[in-house]
Amino acid sequence: MSDVQRLLQGKIPGAATGIEVKKSICAICDPLTQCGLDLYIQDGRIIKVEGSKENPYSKGTLCSKGASTRQYVYSDDRIQTPLKRVGPRGEGKFEPITWDEALDTIASQLKQIKEQAGPETVGFFAGYAKFFRPFLKRLAHSFGSPNYMTESSSCYQAMSMAQKLVFGRPGGPDIMRADCLLVWSANPFHANPGNGRAIQNAKERGMKLIVVDPRVTPTSALADLHLQLRPGTDGALALAIAHVIIKEKLHDQDFVASYTYGFDEYKEYVQAFTPAKGEELTGVPASKIQEAARMYASVKRAAILPSASSVVHHTNGVQNYRAVFALAGLTGNYDVLGGNLVNPPSFIHTPGLIPTREHDFVQSRPWSDMPPRIGADRFPVWMDIIDEEAQAMHLPEQIRTGSPYPVKALLGFGLNYRMWPDSEGFRKSLEMLDFFVNVDIFMTDTCKYADIVLPACTSVERSELRCYGAGYIVFTQPAIAPRYQSRSDIDIIYDLASRLGLDDPLFQAGLDASIDWILEPSGITAAELKKHPAGMFVPNPIKPQERKYREIDFATLSGKMEFKSKVLEKYEDKSGHAALPVYTPPKYSLEATPELAKDYPFILNTGSRLPMFVHTRTFRLSWTSSLRPNFPSADMNPTDAVRLGIRQDDTIRIITPKDAVSVKANLTGMVQPGVIHMYHGHQAADVNRLFEEDYLDPLSGFPGFKSALCKVEKADERVVL
Amino acid sequence: MDKTIYLDVKRCVGCGACVVACMDQNDIYPEKGQPANRRVYQIEENQDQGIDICYLSVACQHCEDSPCTMACPTGAIRRDAATGGVAVNKSLCIGCHSCAIACPFGVPRYDAEGKLQKCNLCSERVEAGLEPACVRVCPQGALIFDNANSVQSLKEAAAANNIARIIRTQGDGCN
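As you go down the protein sequences, you meet chains V and R in turn.
Start counting the first sequence at 1; every next residue gets the next number (our numbering).
Start counting the second sequence at 722; every next residue gets the next number (our numbering).
If we strip away everything but chain R, and leave its shape as in the complex, we get:
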């Protein structure tokens, strides 16, 4: 299974370092009308007392069975052989926005020439054995570059640890 980028929502604090690191890596300049490949959302939820907030850093999910690839009429969206990510060949893109319609996450954005622009999983970096720029910069370790099952194992181990601590301090409720 290929590695891709995961977000530990509990650790994301919405600092935006990932957004900027991506722009620095990929020479994206907002003042030239170039859209970011990654965005951060602050979600507020009303509670009885005040609000709860959480943050999400989002970009292309590099779906295994990607709807954008299926929707693209010109074959501009392909699976990258080296990383397994969803890659764009801009020279084939006709700017028809079919991928925007197909993508369930609202990810596709279009550059000043109207062509699809999105995260390419930093494929050149990954091939060179480096992490994607957003993962490398994240000060909270919220973005993780790994394969799905490894990420799940980490999550599971953390949950197990938590349960063990609760049992140690509060008992298992069976006594």
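Chain V with its partners taken away, still in its complex shape:
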């Protein structure tokens, strides 16, 4: 083999091979810590990917999903042109149309619906990825609709709500400086690998690690202490930990005396949660509860790493997480270095250590000038606390009932009905819309219900602005031309704004001018960012400061950290939301519904991350799916399997009072006996069908995906499934 052939064989970049390396970021998953991509390009085509070493978060590495970028970009399932539906909804019969025809049709339909029924009857929805969110929110509000919704209606916002109810301003874990990290139901190794690496590194320098998780994970395997609670009992565990901390006087008495509200009632309430009671309610041994309380409360700096969805995917989720975050206040670990430090967000929920005008950009019309958001009547605390968006979990019902006002049209970007509980119900609601547009990279089942489908491109084919917590910022440029006729979601938004004739100077000025406007307070411009395709460190980063509450009041009604929520006090009589972080068992559980539990004896726990999948986005790739053969499957403890005569890869039926799905059994000790865990979103076995539409946390509207009741049967092998 010649030297050049060997270089080509090894895909070595350089003049000899003509292989060029271009920079981008991965947005297959979107934890707001996007990994940097080095794209090896030959003749305009990606032939290999690697992580960019410049990226301060991913530091040259990728996960299995990002490493699959080439298959993702070149998937045969890519939507190639704008499409117009020609068959019945759901059938999947479409006819290619031009971009002009597609966008003109959308603009005229939306204008007509706005005139006839009001702008609020048009919903705007943002699924994955998150880069276009600020622009879609501005589009919705400039159009006049309050109904900008995102997938954060079932991820992140309820966690944020719990923190805001306690502190006003959420604080993130300062892992690098912590002496003890309390990971409360997160598995960053499979969801956010950079955080995983930070934990491994901190552990090597001696940081103590406590992991609360009903499952065994690589994170729990690394822990000094794993509190393996029953799903949905997080609040009881946190209250029992608080009991020990207060009883042993390990709390920060100065902080509690000076900066908190409602401590005496909280102290009174946790009296009942002795370690023995905690063990009874959660299944965690009393001795471990005591040990965890001492470990967390006795070090100088301790941080809590929450999850964006695990704990709040329970019908009691927000109250449970309030009890957890109260521990940070109790021990004075809120807004301190090495604790849960408050860093204001710069762009798309990410603190980039720069000031921006994002809020002014996205809120182009104040809430007060628009009708109430979807979900306003049902989730008033959301409307009080969550400034960004409507609660999309109410969308299926509002489409169906037309109450309090009809929803006529939906402009979806990456909308997937399988995200909702009773996903089949939402699928049917979609059929009732007058007009439905979905923008996606791939032809999904949801797209099949749309009147018009638009092809979006992937991150490597577009430009997007992202900030990083390390004070780093990137404005990517397309590394390859968009495939087929696909376009960036942002281009689609700007083009639509123009065709809708919106009187909006920033939409008229274009993306670069909008970015200049957003970043104006930081002094960074789009032109400057374009000179740094892999990103750059921000000039003059805001220095992290601790205990800012000494100068500025907590952003709560009392101006203090609230053990007892003044917002919830308002609703205590009307809606029954307890002002203290009161523990109630999940809506369907042995404790709450013992009769139901007789027939449905297993706890159904769904949606925990697998390392190779993120929601539905990489099911179709052979590289990622080869890592998980015999999928879709459900995890089951071997002791339960033996009892039911189920072997590895047998087909089982998971049944709830609502519906049933058939999947392969995956026997693993990662789940406790009595618990069935199943991954979500699969076309062949969509576990969200098993949940009722209103199986929601009444405070946040988040679905209780992580604890319901089910039974399991070995499927009749004669039945072809």
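You can trust all of the hints, since none of them are fake.
Below, simulated SDA-like cross-link-like pairs (lysine to any residue); rule was C-alpha separation at most 25 angstroms, straight line: (1) Lys566(V) to Val256(V); (2) Lys203(V) to Ile865(R); (3) Lys277(V) to Leu225(V); (4) Lys59(V) to Val730(R); (5) Lys53(V) to Lys731(R); (6) Lys53(V) to Tyr727(R); (7) Lys208(V) to Ile887(R); (8) Lys288(V) to Val582(V); (9) Lys203(V) to Glu877(R).
FYI, nobody ran anything at the bench for these hints, they're computed from the structure.
This structure is a prediction, so every number in the text was calculated from the model and none was measured.
Using the hints provided, position chain R relative to the given structure of chain V.
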């Protein structure tokens, strides 16, 4: 001593990035019946309370005195002059599976033509001064490309650090 690929078992979390990066580097497509050069195992061990899990990313060990090389009747398996790794010349492979019998680690796999397919230590990359694709991608730094003694020195230094920390915080037990 030549560099080869080591696994820090304590850091491996079974994410599979190494498996995919290898497929991307070497144009391996499972849908065409092409086997992966690297695989990840999750090992579960029952304990008194629950289980312990650990992960192992495994591929050809590039043994110094490789049994597969000895077993190969056609000389298709040779030591690569540049990297010192165990390399396959597919044009000489007759698909007899002798290497499969000889390999104590169960590594050899066969492609759609029945010929031996395995890790070649990314020899073209290594010659160009780059790391093997699996090492380059690993988000936890669990895969290491180095020579055995250097890896051992790192491990030893980490252990020493640990011992020192325990003594600092808990005493040496001699007082």
